[in-house]
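Engineer: I would like the entire structure built from these sequences, with the hints used as guidance.
These are the residues of each chain, in order.
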Amino acid sequence: MAEIAIKTERRTQFVDVTARVARLVKDAGIRSGICHLYVSHTTAGVMINEHDDPDVACDIEMAFDRLAPRDAGYRHAEGNADSHIKAALAGTAAAIFIADGQLDWGRWQGIFFCEFDGPRERRLQVKIVSDE
Amino acid sequence: MAEIAIKTERRTQFVDVTARVARLVKDAGIRSGICHLYVSHTTAGVMINEHDDPDVACDIEMAFDRLAPRDAGYRHAEGNADSHIKAALAGTAAAIFIADGQLDWGRWQGIFFCEFDGPRERRLQVKIVSDE
Amino acid sequence: MAEIAIKTERRTQFVDVTARVARLVKDAGIRSGICHLYVSHTTAGVMINEHDDPDVACDIEMAFDRLAPRDAGYRHAEGNADSHIKAALAGTAAAIFIADGQLDWGRWQGIFFCEFDGPRERRLQVKIVSDE
Numbered sequence: 001m002a003e004i005a006i007k008t009e010r011r012t013q014f015v016d017v018t019a020r021v022a023r024l025v026k027d028a029g030i031r032s033g034i035c036h037l038y039v040s041h042t043t044a045g046v047m048i049n050e051h052d053d054p055d056v057a058c059d060i061e062m063a064f065d066r067l068a069p070r071d072a073g074y075r076h077a078e079g080n081a082d083s084h085i086k087a088a089l090a091g092t093a094a095a096i097f098i099a100d101g102q103l104d105w106g107r108w109q110g111i112f113f114c115e116f117d118g119p120r121e122r123r124l125q126v127k128i129v130s131d132e
Numbered sequence: 001m002a003e004i005a006i007k008t009e010r011r012t013q014f015v016d017v018t019a020r021v022a023r024l025v026k027d028a029g030i031r032s033g034i035c036h037l038y039v040s041h042t043t044a045g046v047m048i049n050e051h052d053d054p055d056v057a058c059d060i061e062m063a064f065d066r067l068a069p070r071d072a073g074y075r076h077a078e079g080n081a082d083s084h085i086k087a088a089l090a091g092t093a094a095a096i097f098i099a100d101g102q103l104d105w106g107r108w109q110g111i112f113f114c115e116f117d118g119p120r121e122r123r124l125q126v127k128i129v130s131d132e
Numbered sequence: 001m002a003e004i005a006i007k008t009e010r011r012t013q014f015v016d017v018t019a020r021v022a023r024l025v026k027d028a029g030i031r032s033g034i035c036h037l038y039v040s041h042t043t044a045g046v047m048i049n050e051h052d053d054p055d056v057a058c059d060i061e062m063a064f065d066r067l068a069p070r071d072a073g074y075r076h077a078e079g080n081a082d083s084h085i086k087a088a089l090a091g092t093a094a095a096i097f098i099a100d101g102q103l104d105w106g107r108w109q110g111i112f113f114c115e116f117d118g119p120r121e122r123r124l125q126v127k128i129v130s131d132e
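Residue numbers (the working numbering), protein chains in the order written: chain A, 1 to 132; chain B, 1 to 132; chain C, 1 to 132.
What the hints contain is simulated information worked out from the structure, not anything from laboratory work.
None of the values given here were measured: they were computed from a predicted structure.
Treat the hints loosely; a few may be bogus.
Treat identical chains as interchangeable: a pair holds within one or across any two.
In silico lysine to any residue, SDA-like type, Cα no more than 25 Å apart, as pairs [claimed, not checked]:
1) Lys7 / Gly29
2) Lys26 / Asp104
3) Lys7 / Gly79
4) Lys26 / Ala2
5) Lys7 / Ala22
6) Lys7 / Ile30
7) Lys7 / Asp104
8) Lys26 / Arg66
Structural biologist: Have a look at this one:
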């Protein structure tokens, strides 16, 4: 199990961690298996989506902010109920297949750590499981 | 593979099953691995989020009810199309890492069975896979 | 690792691939394990939900189209920002338990490939991992 440390700078911010996860997979030296990702925070998530055009992540950030408005008569007193809702929609885990020692996915796909209550210091857990 | 039986009492209700899953992980007696959760219903889901303040789950319940209104000109004739939509947004599966014989996650995180068409008798499937 | 080829015909279309995945699981000849599904596209996803009444999938298609409207002042210049948002909400992966050589899930559950930017030629990756 490895961890990637992330420093976010905005309240809602999708951070591209593709290169860092790909490096961990390469260093693991396994032939085939699954790369499991887990976010141990309750106001953040993880997402696989296009990372070629950074505008896509911006559009999805805005979409999440629209789906869960910051103020909507929430009960939770800490002022970040919307962040918890966005984390519920994004999800805390992802899994990508590994083949030939690399992530076996789409050429446009990237991994984003989804900050919904930044800025903060965060971490993404990575667990690489070999088929053999 | 183990199963957790759940009796829900409201139409939309997030039931905290953290202690029951944590007990299954402890009883499994494995050192490291992954705890996989699966919901075998089509109008329910599973979510990892804060369980320290129960208001958070209430706010997320309300958010899901807003995102998929009960009546919106649906085709499905059983009157629970919104429940299926909420299940699609929540997802039917979750996975949490295990280290040192325990769930290796955030201190505020909990596991919620997400009822979207209660009250009903439900079940959550739990499969604990060891790394060794 | 196997792949299922899918030809979609509408912009937003949930394609029922249950029988094809079930066949792969049966052919794998394993007793118990996990069937992992992965979508290697950035404008598509995968979902487990009711497939007995096809109206349910239609209702969920419409709900996703409402949650992410086609035009909403997006930055991404390709005209399919909404497709990326829907893929983020649906998710790119799913996992179902296998027991007694078959998918061990609910009797009403089915697997849908979720097209959000069709019509296109797509593929769904399937990886079957045995417990033994």
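Engineer: With 25 Å as the alpha-carbon cut-off, assign the pair Lys26 and Arg66 to within, between, both or neither.
Structural biologist: neither (37 Å within a copy, 40 Å between copies)
Engineer: Between the shortest in-copy and the shortest cross-copy C-alpha distance, which are at most 25 Å for Lys26 and Ala2: within, between, both, or neither?
Structural biologist: This pair counts as both: shortest intra-copy Cα distance 13 Å, inter-copy 22 Å.
Engineer: Are the CA atoms of Lys7 and Asp104 at most 25 Å apart within a copy, between copies, both, or neither?
Structural biologist: between (27 Å within a copy, 21 Å between copies)
Engineer: With identical chains treated as interchangeable, where does the CA-CA distance between Lys7 and Gly79 reach 25 Å or less: within a copy, between copies, both, or neither?
Structural biologist: Within one copy only: 21 Å inside a chain, 31 Å across chains, cut-off 25 Å.
Engineer: For Lys7 and Gly29, with the copy left unspecified, which applies at a CA distance of at most 25 Å: within, between, both, or neither?
Structural biologist: neither (28 Å within a copy, 35 Å between copies)
Engineer: How would you classify Lys7 and Ile30 at a CA-CA limit of 25 Å: within, between, both, or neither?
Structural biologist: For Lys7 and Ile30, the Cα distance exceeds 25 Å both inside one copy (29 Å) and across copies (33 Å).
Engineer: My question is about Lys26 and Asp104: at a cut-off of 25 Å on alpha-carbon distance, are they close within one copy, between copies, both, or neither?
Structural biologist: both (12 Å within a copy, 24 Å between copies)
Engineer: With identical chains, the pair Lys7 and Ala22 could be close in the same copy or across copies; at 25 Å between alpha carbons, which is it: within, between, both, or neither?
Structural biologist: within (19 Å within a copy, 30 Å between copies)
Hint violations for this structure: numbers 1, 6, 8, all remaining hints satisfied.
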